[in-house]
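K.L.:
What follows is each chain in one-letter form.
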Amino acid sequence: MAETSAAKDRSMILQKQMIANHYRQLENAPETGDPVVYTFVPGNMNELVRSFGALPVLPEINALQSGMRQKSGDYIAEAERAGHSEDVCTYVKCDIGMIKAGNISPTGTRLPKPDLLLLSYTGCYTFMKWFELLREEYDCPTVFFHVPYQGDGTIEAEHRDYMMRQLREEVIPALEKATGRRYDEDRLREYLTLSAQAEDDLVAVLQSAKNRPSPIDAYFGAVYYVGPIFSSFRGTPEGVEYYRALREEVEARVAAGQGPMTPVGQLDDEKYRLVVEGPPNWTSFREFWSMFASEGANVVASTYTKVGGTYDFGFRHDPEDPLGTLADYCGGCYTNINLPGRVDMLVDYIREYEADGFVINSVKSCNSFSAGQLMMLREVEKRAGVPGAFIESDLVDPRYFSAANIKNRLESYLQMIDARRMGASA
Amino acid sequence: MRCVIGIDLGSTTTKAVILDEDGAIIGRGITNSRSNYELASAVARSEAFADARFRLVAREVRGELDQALLGRLERAFRLEQTLGQLGRLHELIEEEIERRQYGELGPTVREAVGSIVKAIELEERAHFGSENPPLRSSFFRDAVGSAYNRYAEEISDPKGVTFDLLLGLYDKCIIRVENEPMDLGFQELIDNALDRIENPTLMVDAVRAAASTELDEACMVGTGYGRATLPFPKEAIRSEILCHGLGAHAMFPGTRTVLDIGGQDTKAIQVDDSGIVTSFQMNDRCAAGCGRYLGYIADEMNMGLHELGPMAEKSTRCVKINSTCTVFAGAELRERLSLGERREDILAGLHRAIILRAMSLLARSGGIDDEFTFTGGVANNEAAVHALRDLVDENYGQKTLNISPDSIYTGALGGALFAHRLAS
Amino acid sequence: MCITAGIDVGSGAVKCVVMKCPENGAPELMAAHSSRIRRREVANVVDEAWTAAVSAAGVDEVAYVATTGEGEDIPFATGHFYGMTTHARGALHLDPSARAVLDVGALHSRAVAMDEHGKVLGYKMTSQCASGSGQFLENIARYLGVSQSEVGSLSLAATDPENVSSICAVLAETDVINMVSRGINTPDILRGIHESMAGRFARLLRSLDVRGTVFVSGGLASDVGLMAALEDSLAKSARGGAVPTVATHDQAIHAGAIGAAIWGAFRYRKLGKGEAAWKSTMEV
Amino acid sequence: MGRESIIRAAREIYDDLDFQRVRDWLSQKPGTKAVGYLPVYAPRELIHACGLLPVGIHGGGDRVEIIKGDAFYQSYICHLPRSVVELGQSGRLDMLSGMLFPSTCDVIRNLSGMWKMLYPDQYVRYIDVPQIATPEIAIPFWEGELRHLLNDLAKLSGHHPSEDELRASLGLYNEVRAALRELYELRRTRPWDVPTEELYLLMRAGESIPPEDFLAMIQSYFRAIDDEPNRPRDNSRVIVVGSFCEQPPLGLIKTIERAGCYVVDDDFLIGNRFLTEDVELSGDPLSCLAESFVRDAVATSVIYEADPHGKRSEIKDKVDAAGADGVIFAAASFCDPALLDRPMLRTGAEAHDIPCIAFKFSENSGQFQQFREQAGTFSDSIKLWGGA
Ligand SMILES: Nc1ncnc2c1ncn2[C@@H]1O[C@H](COP(=O)(O)OP(=O)(O)O)[C@@H](O)[C@H]1O
Ligand SMILES: Nc1ncnc2c1ncn2[C@@H]1O[C@H](COP(=O)(O)OP(=O)(O)O)[C@@H](O)[C@H]1O
Ligand code: SF4
Ligand code: SF4
Ligand code: SF4
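Chains as they are written, first to last, in this note's numbering: chain X, 1 to 426; chain R, 1 to 424; chain A, 1 to 284; chain W, 1 to 388.
So here's chain X without its partners, still in its complex pose (with noise of 0.2 Å):
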């Protein structure tokens, strides 16, 4: 992390300023005139947007940052004391409170209205009410996308066909009406060229993680990779930069036979190697990181990182195919995968990465990851035969994480794999 690097890597500082400068776009939209549009992580068609030359805000990021921040707290409190319940999503909560506080983002700009809510409906039901909600907020037009859920373990040619003709006859024209410019396909074909090669790299920087060191914390150190092509960079030629930078360093630790960095230094003797399903608490990130690293445990593959999008199974977004590319990711988010879908890749990542184990992060707020976790882990356990530890937090609700609890229970799973070792060496 930068405080332990000597040098700062080139792929942070990058990715500092792209964050920068997006904000700073964001806070002068009102003068620029730039159109707005807010849309969720998963299911986000940033290409599409960009093509029409609008700037995404994607709330989420906003809320994790906030947690990341230590303002949560108080966003969450503020959105309970107008009327939230204490047992619902915290992201939604974090976001109505920083609303309620004056709109302020996390680096301190001012964040501009929407145009344009783009309600693509993948995998969480409670994008539906948020976006109900923020519409209360700022009385603007919201488009519904609906992406059909992958029931049966794929996405049927009907959905996929539903999808175009919505993205056809409902999403380009709200687009088109909110930011006054015609669809231009050429430009969405150019987005999406620039996208496949971002996640050629991205690909790459994760599946470093099959090496011995990993070179990457596929969880923690990972969920800086991913921010980008998440959030509002996919497609934009600063994106592809990123990636080809992260992608150097990357190989270049490879070469090195070097560990990733991580909040106690760097890990070079890995012994364990994990995988995790199910997002990070961001209240606490680097406290939660700290405990796995200093126990030199490391994640190798985790499914977070999927949330906006599953790559490493080969899916590209295709300039060929504008509209059905954009409905295959939309369907082909993590979140949108069913549960025997979702324990077969965590099973796949277990031996592909040889992991030691693997770790459940549940989150109080997600019912979409959470709904069915503890199952997974009896599951995955099952097939892959390596054990599973299960741990309770929550993504930006301070209330909900207990360093106390969580430190133990990793540290006795741990231990587990170890006195197992022990007991199959002896």
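If a hint is listed, it holds; no wrong ones were tucked in.
Taking lysine to aspartate or glutamate and the EDC-like style, the derived pairs with C-alpha atoms no more than 20 Å apart in a straight line are:
1. X:Lys177 with W:Asp307
2. A:Lys236 with X:Glu78
3. W:Lys155 with X:Asp152
4. A:Lys119 with W:Asp353
5. R:Lys234 with X:Glu295
Since the hints were derived computationally from the structure, they do not count as laboratory data.
Based on these hints, arrange chains R, A and W with the ligands on the given structure of chain X.
P.N.:
The following block gives chains R, A and W with the ligands in isolation, referenced to the frame of chain X:
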């Protein structure tokens, strides 16, 4: 003699187990962890060493007659300890009365406390004097506390020395009694105890030999809730999950599933054929349905913990209880009583509710495999065991259910086994 | 002139008051009595409190006996009002500037916002969990070996309060144990607990958007330490906005019973037909 | 039949966690099968038309002890799925040949995948209802989904219904919904004669008996209440909103009414009256059914509200229609759809000075004191302050 120690700093009780060079248990000690972990582990240790010395005496003593005598000696020893603590309690209360300046009421208060202490002393003498003393909590606080309550209620006078006043004095001082290490050593106590039993000469040699044996502590491993506060090196601290798994395996080598219900947490653990944990689940954050819950219930009913089980076993119709929030326990109980339910039936329901919660954790950890071992303080409670047996039968079919009278020491035993490994 | 009685059956104590409620003018408390239940048959405790209050008031006829709390089943009651209705009214009687009540009883705590007539405008309760209630504090006090009446003044003497983090009352007990073993002194522990409770209460109150005086009723109102912590918490959470005043009254533990008696008089007049008519509409 | 015996019969069905009535039906008609569905909306017409028995699975209430269900769910997930899993794991649902999981929320959606893993031999289908309002896109999609489902069900039963058979089923369910509308109307006008507990028990019975029998049951209830009227009480009138999926325990429903509130409208088991108008019977049955859903679905939290004003007026409309004094939001703990909707609905209600209270329950809540306190205070204040 070289030995190793395992200490389990539980949330309510602290346990110590001592093993000899061969890994055989030679001593156990237990105390309330309530006020001070460091002290608690010191007390548990010294209890365990006292116990170990008794075992050594026992090794020396052979034959039926001597065994009976040995029992008498042990009870005399316990009586010595208890009277010592009782005397200290009395002393502290007297000081407290002084400090509080009751004015005119002072002498009456003093007299009331004096008579309570007297009565307790008689009770204790009778208890330890009997060949077969009834089962009860081994903690001074519990044993004396309930007697104190009883006598205080009896002699209190709403217009003079009130119950609240008497209870307040007790509450204030009992903590200090628990917090003060007993300065009497094994030697002194045992000498006094020897004086109490007839024909001590028979024992003296064995006792002398045991008392003079060097018990040389080679290694100590700590575990349990409070383990982080122990001044141990990291290698000497083990997660309580692993210790419970290993301890249960040592007691019952066929064990595959372990359920531990302690004071504030419940753990469900699966182990393989060498005692290695393969998966586990524990509840945290909410102490509903754990040992403390029964503690609250016992307080509410003004009964000893050990009396709850037997009473619940008399139930004919188990009442359905929904909430096992420890703090609400009393309220739930009162509500049921006011609805006209019988105590026995409510208690049976409460026990079932606790076990139901545990069943969830068990299911979560992977179910119940043969053999199944139940450990922790609550395993001492027959109604809980009964409910568990029923629910296991109903839901998982017939399974061997292991319960050891020493089940509360499982974690400490596991710790001691780890210590034994480290030492060798 | 009409004389009414209010009986508040709580989980820790039964409170009974007798009040004089003139047609015009302020109601007046004639007698109040509270009896701790402490493992006794509730019906007996009710009888005890009732007899004590009525004999202290020296009246031989009561126009309306209003129950509240768990008192729905008291056979000689005329009518029943629910706890928040009565605490609001009772608080208003004890302090006319009150616009919110914080009722902290043995097991529950709740915040009720009201208008100047005692009409309930909103409320928040702590649910399910017993943390932050009288029982909890009582347990802790026992642990620390101090009597309930000392808790408040000890807490005020704190110099360096300890932070209590556990939400669960039982686990908080463990926190306390750890503190004792770390050598933290009793005042600092108590103050820490008071602060954690006060923090919860302040959140309850803030979520109701309370303006004006907050009246603390229920058994814990007499805990000066808690009151002080509550004032601090409210001030801290006001963030520059107006800080609600915290108030209480010697009779605060009787607020529910007082409110019930006053509403009883109100209903008695409103219905104008006396007991029988009222009863038939109230019975369920 | 008298009121009491009708209700007793209904209660027996409600109480029976082994679904004996379904088992009896199956054994009386050898070769037939039963198909379960979860809340909220499933097209039961199609199940019926294939000669299968539709069975509503609404959790286990407070009567089932959760032994294995908790192994599947964390404490912060609502109670319904764990009791459904418990029912499944304890063999109480083994008479079902298939299960439908409507797109209600992420919990039920994920449960569909779990069910596939748990019961590989059962027919399991996730039903993705259309969430968009544009009929030209939504209707064909939904019709396609219905056709897919119908084909699957026909395969399961071995009988592919003719168009007329389909139409007959649509007609029958039109009748059922009409009877339910009448029942609700009766309670609205004479709430003392239709205690909500009774109304609820009847509807629950309707979830596990054939629609024909259910119709007969409601009709006999209508006759009985005319014969045995109750005495009105001085209660306030409320509507209950938010219990469309996990069902409140009966004790809660009783508590609300005992604390002085007549429930004059609710969304319990809303799936059984999801379509607010009769389904058109001329034309292609599947497209009629599809169209009806897209045009006439009831306003509820699980369907996207395309009209920006919809959420703001929803409560006002319901309160006006029911002639209610106030609203009780009663949502299951951790129910995202209900709880995320609540602030919007509440703001809308308060804009019209409609008094509201809100609480959370779980299907196995056993202590009602909190609810009684809140409902009681609510009715106190409506009574003491006259009207609102
Ligand atoms: N006879 C008994 N009946 C019921 N519960 C008992 C009995 N003896 C001990 N306990 C319970 O056991 C608990 C202590 O168990 P233990 O396993 O030592 O817990 P911990 O390790 O958390 O301190 C106490 O809370 C007490 O309630
Ligand atoms: N003098 C006091 N100081 C502090 N707490 C008190 C005092 N008297 C009573 N209490 C506490 O008040 C609680 C009872 O309050 P009360 O409002 O009567 O509750 P409930 O209505 O639930 O019975 C008890 O838990 C008791 O601990
Ligand atoms: S429920 Fe989960 S996927 Fe949905 S918005 Fe919340 S965190 Fe995101
Ligand atoms: S107070 Fe009760 S319900 Fe709350 S966390 Fe503690 S034991 Fe659980
Ligand atoms: S109760 Fe709510 S959260 Fe639970 S399954 Fe039903 S709709 Fe989903």
